[in-house]
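**Q** Single-letter residue listing:
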Amino acid sequence: DGGITQSPKYLFRKEGQNVTLSCEQNLNHDAMYWYRQDPGQGLRLIYYSQIVNDFQKGDIAEGYSVSREKKESFPLTVTSAQKNPTAFYLCASSSRDSVQETQYFGPGTRLLVL
Amino acid sequence: QKEVEQNSGPLSVPEGAIASLNCTYSDRGSQSFFWYRQYSGKSPELIMSIYSNGDKEDGRFTAQLNKASQYVSLLIRDSQPSDSATYLCAAPGDTDKLIFGTGTRLQVFP
Numbered sequence: 003d004g005g006i007t008q009s010p011k012y013l014f015r016k017e018g019q020n021v022t023l024s025c026e027q028n029l030n031h032d033a034m035y036w037y038r039q040d041p042g043q044g045l046r047l048i049y050y051s052q053i054v055n056d057f058q059k060g061d062i063a064e065g066y067s068v069s070r071e072k073k074e075s076f077p078l079t080v081t082s083a084q085k086n087p088t089a090f091y092l093c094a095s096s097s098r099d100s101v102q103e104t105q106y107f108g109p110g111t112r113l114l115v116l
Numbered sequence: 055q056k057e058v059e060q061n062s063g064p065l066s067v068p069e070g071a072i073a074s075l076n077c078t079y080s081d082r083g084s085q086s087f088f089w090y091r092q093y094s095g096k097s098p099e100l101i102m103s104i105y106s107n108g109d110k111e112d113g114r115f116t117a118q119l120n121k122a123s124q125y126v127s128l129l130i131r132d133s134q135p136s137d138s139a140t141y142l143c144a145a146p147g148d149t150d151k152l153i154f155g156t157g158t159r160l161q162v163f164p
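Taken in order, these protein sequences are the chains called A and B. Offset between the first sequence (1-based) and our numbering: plus 2. Offset between the second sequence (1-based) and our numbering: plus 54.
These aren't lab readings, by the way, just hints derived from the structure by calculation. This structure is a prediction, so every number in the text was calculated from the model and none was measured. Built from N, CA and C at the ideal position, the CB exists for glycine as well. Certain hints may be false.
What the hints assert, rightly or not - Derived lysine-lysine pairs resembling BS3-like cross-links, with alpha carbons at most 27 Å apart: (1) A/LYS59 to B/LYS56; (2) B/LYS96 to B/LYS110; (3) B/LYS96 to A/LYS73; (4) A/LYS85 to A/LYS59; (5) A/LYS72 to B/LYS121; (6) A/LYS59 to B/LYS96; (7) A/LYS11 to B/LYS96; (8) B/LYS56 to A/LYS73; (9) B/LYS151 to A/LYS85; (10) B/LYS121 to B/LYS96; (11) B/LYS151 to B/LYS96; (12) B/LYS110 to A/LYS59; (13) A/LYS16 to B/LYS96; (14) A/LYS85 to B/LYS96.
To be verified - Just a sample of chain B residues kept apart from chain A, beta carbon distances all over 10 Å, derived: (15) PRO64; (16) SER66; (17) ALA71; (18) ASN76; (19) THR78; (20) SER97; (21) GLU99; (22) GLY113; (23) LEU119; (24) ASN120; (25) GLN124; (26) ARG131; (27) PRO135; (28) VAL162.
Isolated chain A (complex conformation) (with noise of 0.2 Å):
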């Protein structure tokens, strides 16, 4: 079954504490993206990366780190420097890095603050 897998669906993040988030493809894709999503606005462009060991800084990249050293695997680590940390983040891949191409969404991870 091909798809994209995120965990955990629920974290809690104490003040002052990193979190992960995990996000898995088996789809092969090279392209892999990080969005956050808040109540009423559209999908914010957090952090992509267009191959193995490479990555760039999105629209909010500040507070936020990624690390890309598998083809399937796409952490994003939410830093003590993000404020206001509460919302849905949302992974993605698609076949290659181009507008033309269609994103594919994982089901979500909800972080919300202690």
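Assemble chain B onto chain A, guided by the hints.
**A** Relative to the frame of chain A, chain B by itself:
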């Protein structure tokens, strides 16, 4: 800054009617457009992509693209309560990345 705009709704239609969802975009050079459906608490799923002027049909869904007027529409025929969701439009933005609209909430009542 390039933008993608949608009416937030809610758009309420009776079961069996045609729902018409609209999206305008600011970049005249945009070549690709996507419609996603997002149920409450879930992630977006692709409904349709469209690249050429005119209509593209897939089952009960029709996407319409008018590049001269810079809008893209999604028509849902024979609307069902299960179509009740938020519909997101996406188009290329400034940095050659997709920009997503804020979405239109559709309510189909029996």
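**Q** With reference to the structure, classify each hint as holding or not holding.
**A** Each hint tested on the structure:
1. A/LYS59 to B/LYS56: Judged against 27 Å, a Cα distance of about 18 Å means the pair holds.
2. B/LYS96 to B/LYS110: Distance ~26 Å between B/LYS96 and B/LYS110 Cα, so the pair holds.
3. B/LYS96 to A/LYS73: holds (25 Å)
4. A/LYS85 to A/LYS59: Since the Cα atoms of A/LYS85 and A/LYS59 sit roughly 18 Å apart, the hinted pair holds (cutoff 27 Å).
5. A/LYS72 to B/LYS121: Measuring from Cα to Cα gives roughly 39 Å; hence the hint is violated.
6. A/LYS59 to B/LYS96: Holds: A/LYS59 and B/LYS96 sit about 25 Å apart, inside 27 Å.
7. A/LYS11 to B/LYS96: holds (11 Å)
8. B/LYS56 to A/LYS73: With Cα atoms ~31 Å apart, B/LYS56 and A/LYS73 exceed 27 Å; violated.
9. B/LYS151 to A/LYS85: holds (25 Å)
10. B/LYS121 to B/LYS96: violated (31 Å)
11. B/LYS151 to B/LYS96: holds (23 Å)
12. B/LYS110 to A/LYS59: violated (34 Å)
13. A/LYS16 to B/LYS96: Holds - the C-alpha atoms of B/LYS96 and A/LYS16 are around 24 Å apart, at most 27 Å.
14. A/LYS85 to B/LYS96: The given pair, whose Cα atoms are some 25 Å apart, holds under the 27 Å limit.
15. PRO64: Its Cβ never comes within 10 Å of chain A, the nearest being 12 Å, so this holds.
16. SER66: Check passes; 18 Å lies beyond 10 Å.
17. ALA71: holds (26 Å)
18. ASN76: holds (15 Å)
19. THR78: The claim holds: B/THR78 sits with its nearest Cβ about 14 Å from chain A, beyond 10 Å.
20. SER97: violated (4 Å)
21. GLU99: violated (7 Å)
22. GLY113: holds (17 Å)
23. LEU119: Non-interface label stands for B/LEU119: nearest chain A Cβ at 14 Å, farther than 10 Å.
24. ASN120: holds (19 Å)
25. GLN124: Given a closest Cβ separation of 16 Å, the condition holds.
26. ARG131: For B/ARG131, whose nearest Cβ neighbour in chain A is about 23 Å away, the distance exceeds 10 Å, so it holds.
27. PRO135: Non-interface label on B/PRO135 holds, nearest chain A Cβ at 23 Å vs cutoff 10 Å.
28. VAL162: At about 21 Å from chain A, B/VAL162 clears the 10 Å cut-off, so the statement holds.
Going through the hint list in order, the structure does not satisfy hints 5, 8, 10, 12, 20, 21.
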